[in-house]
Amino acid sequence: MSFRHILYLLPLLVFLGMSVYFALGLGKDPSELPSALINKPVPEFDLPPLLEDIPGMAAADFGGEVVMVNVFASWCVPCRAEHPLITRLADEGIVPVYGLNWKNEKADAKAWLNELGNPYTRIGWDLSGRVGIDWGVYGVPETYIIDKQGRIRYKHVGPIFRQVLNESLIPIIQELQAE
Amino acid sequence: MIAELGHFALVLTFMVALAQSIIPMVGAARGDARMMAMAEPAAAAQLALILVAFGALTYSYVVSDFSVFNVVSNSHSLKPMLYKISGVWGNHEGSLLLWVLILALYGGLVALFGGNLPPALKARVLAVQAIIAVGFLAFMLLTSNPFERIFPVPADGNDLNPLLQDPGLAFHPPMLYAGYVGLSTAFSFAVAALIEGKVDAAWARWVRPWTLAAWGFLTGGIVLGSWWAYYELGWGGFWFWDPVENASFMPWLVATALLHSAIVVEKRDTLKSWTILLAIVGFSLSLIGTFLVRSGVLTSVHAFATDPERGLFILFLLVAAIGGSLALFAWRAPSMQGGGLFRPISREGGLVLNNLLLSTAAATVLLGTLYPLFLDVLEAGKVSVGAPFFNATFVPLMVPLVVAAGFGPMLAWKRGDLMGALQRLKFAALATLALAIFAAWLSWGLEALGVAGIALAAWLGCATLAALAERIGLGRVPLSTSLQRAGGLPRSAWGMTVTHFGLAVTIAGITGASLWRTEAIQEMKPGESVNVAGYEFTLDKVENLRGPNYFIERGTFTVRLDGEVYTVMDPEKRKYFVQQRETTEAAIHTTFMKDLYAVLGDETNGAWVTRIYHNPLVPWMWIGTLLMILGGVLSLSDRRLRVGAPKRHAVPAAAVQPAGAE
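Going line by line, the protein sequences match chains A and B.
With my numbering applied, the first sequence covers 1 to 179.
With my numbering applied, the second sequence covers 1 to 662.
Just so you know, these hints were derived from the structure itself, not from any lab.
Take the hints with a grain of salt, since some may be wrong.
What the hints assert, rightly or not - The calculated lysine to aspartate or glutamate pairs, modelled on DMTMM-like cross-linking and capped at a C-alpha distance of 25 angstroms, are:
#1 K103(A) / E447(B)
#2 K155(A) / E582(B)
#3 K414(B) / D200(B)
#4 K103(A) / D242(B)
#5 K40(A) / E167(A)
#6 K110(A) / D540(B)
#7 K525(B) / D540(B)
#8 K525(B) / E115(A)
#9 K575(B) / E536(B)
#10 K110(A) / E519(B)
#11 K110(A) / E167(A)
#12 K155(A) / D242(B)
With these hints in hand, go ahead and build the complete structure from the sequences.
Right under this line is the structure:
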């Protein structure tokens with residue numbers, strides 16, 4: 001076989017390679033999330049602050065009280081949609097909310113918070129997305145609930161709507177606070 | 001009874017397609033004219049039978065026959081008639097039926113308009129079309145029967161997902177499918193050509209109208225979907241790089257590349273195997289796009305119910321269709337001879353650059369879409385995983401493409417003169433500079449990158465007009481002669497001009513909409529006001545009303561500009577009775593230069609979350625894409641494609657020989 005023939009074979013080989021992945025992906029339920037981290041302590045990490053006046057976030061900051069961690073980025077459209085609800089949670093004192101600013105340039109993230117307001121008591125700035133991987137972040141927005149022992153107890157993928165807030169998040173938060 | 005009739009027609013369609021896929025193919029191989037001639041009536045019969053099946057399902061929806069499982073799952077007696085009908089294709093089984101119907105429609109059209117095709121090529125093309133149909137009809141009959149009955153018969157249906165109950169989305173799937181499936185014709189021509197071992201200028205000319213039609217529908221389908229996302233999702237954005245959006249975008253990119261490379265085959269008899277590959281890849285991406293989302297491999301908001309058994313079947317179909325055609329390509333294409341040579345700086349060179357950039361862009365989008373799968377990481381819900389990835393990779397590919405699109409039409413075939421082209425484009429460059437300065441002045445204080453986007457759009461627009469002026473000798477010959485020449489230009493030249501100009505307008509629109517948007521999100525009580533981009537929005541009141549199958553919460557905003565009432569906007573939030581789902585209906589006030597966009601959100605303690613956007617140049621996006629489609633239609637009406645059946649010149653015997661012996 002000449003080089004020319006191998007070249008013409010390339011599209012087929014690429015496609016067959018893709019098919020293997022498709023076949024492996026078939027048996028999995030795409031909406032189901034691996035719960036490897038559920039009930040485990042938050043992973044070891046230490047993130048620098050995003051804003052001057054708001055502290056950063058590290059594994060040592062958890063424990064003692066129930067906390068919600070919200071993964072956000074300025075480039076994420078659904079994050080804007082859920083932002084008022086997050087703000088309300090924080091403002092009404094239902095739960096302190098920490099922010100994990102994911103794969104975001106500092107200036108963009110700052111401008112975003114300036115514009116929409118900052119509901120977060122702590123913000124960890126994760127430019128490379130490395131810490132996000134440890135947390136098992138698939139995309140933004142995502143929201144985690146951490147209990148008094150510093151363990152991850154619940155994870156919500158996608159934007160928070162009022163229904164999600166009232167029917168899952170708030171009941172779970174209250175239950176964990178009562179523990 | 002009607003449902004059974006539909007089911008029966010579906011089975012018959014399958015039988016006809018099976019015959020059509022075998023007999024003409026064998027006939028073409030043996031040179032048996034009678035066997036080849038069978039393809040045409042079979043294509044017509046297939047179309048007639050599938051129409052009966054589609055009609056039967058539509059009828060079941062119209063009369064709300066709740067003994068049909070599909071109708072129960074996706075319809076409701078209170079639903080407006082438009083959505084009863086659009087509900088036919090708003091679900092997995094029905095959309096497959098529509099898909100096969102459109103496939104049969106294209107087959108029928110090839111049979112009808114293919115009078116100038118050589119009989120063997122026509123027989124093979126129709127046989128390949130039928131093979132595709134056989135695969136999908138078998139899939140429907142074995143795993144996704146739309147006519148399944150249910151007993152006991154429920155009193156009412158489960159209704160259609162409210163997000164889909166929308167006029168934009170009623171027509172979006174048929175349009176998009178007409179595009180996806182239209183690429184099947186180019187695919188069939190490519191496979192037939194591989195079997196024959198013969199690709200020439202005549203072949204390229206026959207493929208072109210089908211590709212153009214598919215491209216036009218695909219453009220329309222994507223725009224409708226994008227428009228829907230813009231006003232229905234209520235996030236002020238129009239493109240989210242969602243897997244399903246990407247699924248429609250990849251075939252579009254490849255179809256665009258194919259349109260351009262087919263020109264080179266037609267005019268210069270070269271780039272043949274590349275063009276064949278594009279035709280195969282274009283349809284393959286359509287298949288991956290339409291069916292991957294149903295297999296459970298990827299999900300998105302658009303995903304239909306998934307089931308592993310179906311997934312396996314789909315995977316099998318994909319491997320058979322795509323793998324089979326690519327294997328054929330690997331076997332036969334190396335023996336196809338390239339034609340004329342050309343210099344890098346030439347019309348061909350420009351078109352090759354266009355193809356490289358477009359196919360790289362398609363590959364990038366494919367990588368970004370499947371990346372989560374490759375990492376075994378899958379999205380759930382509307383999650384923006386990839387926007388930074390796509391913006392960082394896609395935009396840099398598009399910039400040189402658009403710059404080059406300005407030069408391309410100025411270059412001669414075979415050997416172009418870049419300096420000469422630059423010389424002739426100097427006025428376009430000056431006009432671009434002037435427009436960019438004007439845009440910078442208008443947008444002072446907003447994102448500066450936007451000016452670059454506008455400059456890019458201005459360049460393409462001006463260079464396109466300059467090429468037109470050059471062609472008709474504007475300014476060099478008397479105006480009347482110029483006008484006469486303009487009238488005499490082939491429609492395809494006008495098509496190119498209008499489409500490129502439309503692309504320029506679209507780019508300007510996208511720039512404004514993504515970089516110069518202003519927005520305000522706040523809680524508002526009735527009577528309160530907010531200022532967005534100089535417009536003062538006052539929330540006057542929020543009322544509760546009732547629609548046919550939903551409750552309405554409607555806010556009324558009075559918008560004032562410099563203290564005077566500018567317009568009144570009333571965004572709605574709907575809650576559907578049956579599925580208990582909420583949808584937002586953004587209020588949009590459109591003028592030539594901008595959209596004002598208002599969304600009513602959730603209420604707490606008498607205050608509503610409101611989102612208000614000032615979206616500059618958004619209407620240009622829609623106008624630009626309409627121009628692009630119009631350009632496609634103009635090109636399609638070129639008389640070269642309609643009359644004067646292109647004669648196939650004698651082909652050297654060596655090229656006809658199968659290549660397998662090598």
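Margin query: Check the hint pairing K110(A) with E167(A) against an upper bound of 25 angstroms on the C-alpha distance.
Written below: violated, 31 angstroms
Checklist line | K110(A) paired with D540(B) [C-alpha distance capped at 25 angstroms] | finding: violated, 33 angstroms
Note to self: Just to be careful, I want the Cα atoms of K103(A) and E447(B) compared with a cutoff of 25 angstroms; is the pair within it?
What the structure shows: holds, 21 angstroms
Next item on the list: Given the hint that K40(A) pairs with E167(A), test it: the Cα-Cα distance must not exceed 25 angstroms.
Entry: Status holds; Cα separation ~24 angstroms.
Margin query: Check whether the Cα positions of K575(B) and E536(B) lie no farther apart than 25 angstroms.
Written below: violated, 29 angstroms
Margin query: Can you confirm whether the C-alpha distance between K155(A) and E582(B) stays at or below 25 angstroms?
Written below: Roughly 23 angstroms separates the two Cα atoms, so the pair holds.
Check: Regarding the pair K414(B) and D200(B), is the alpha-carbon distance no greater than 25 angstroms?
Finding: holds, 18 angstroms
Notebook entry, point to check: Are the Cα atoms of K525(B) and D540(B) separated by 25 angstroms or less?
Noted result: Judged against 25 angstroms, a Cα distance of about 9 angstroms means the pair holds.
Note to self: Given the hinted pair K155(A) and D242(B), is their Cα-Cα distance within 25 angstroms?
What the structure shows: Within the cut-off at roughly 22 angstroms; holds.
Notebook entry, point to check: Between K103(A) and D242(B), does the CA-CA distance stay at or below 25 angstroms?
Noted result: Holds: K103(A) and D242(B) sit about 18 angstroms apart, inside 25 angstroms.
Notebook entry, point to check: Are the Cα positions of K525(B) and E115(A) separated by 25 angstroms at most?
Noted result: holds, 20 angstroms
Next item on the list: For the pair we were handed, K110(A) and E519(B), check the Cα-Cα distance against 25 angstroms.
Entry: holds, 16 angstroms
The structure fails hints 6, 9 and 11 (numbered hints given earlier, in ascending order).
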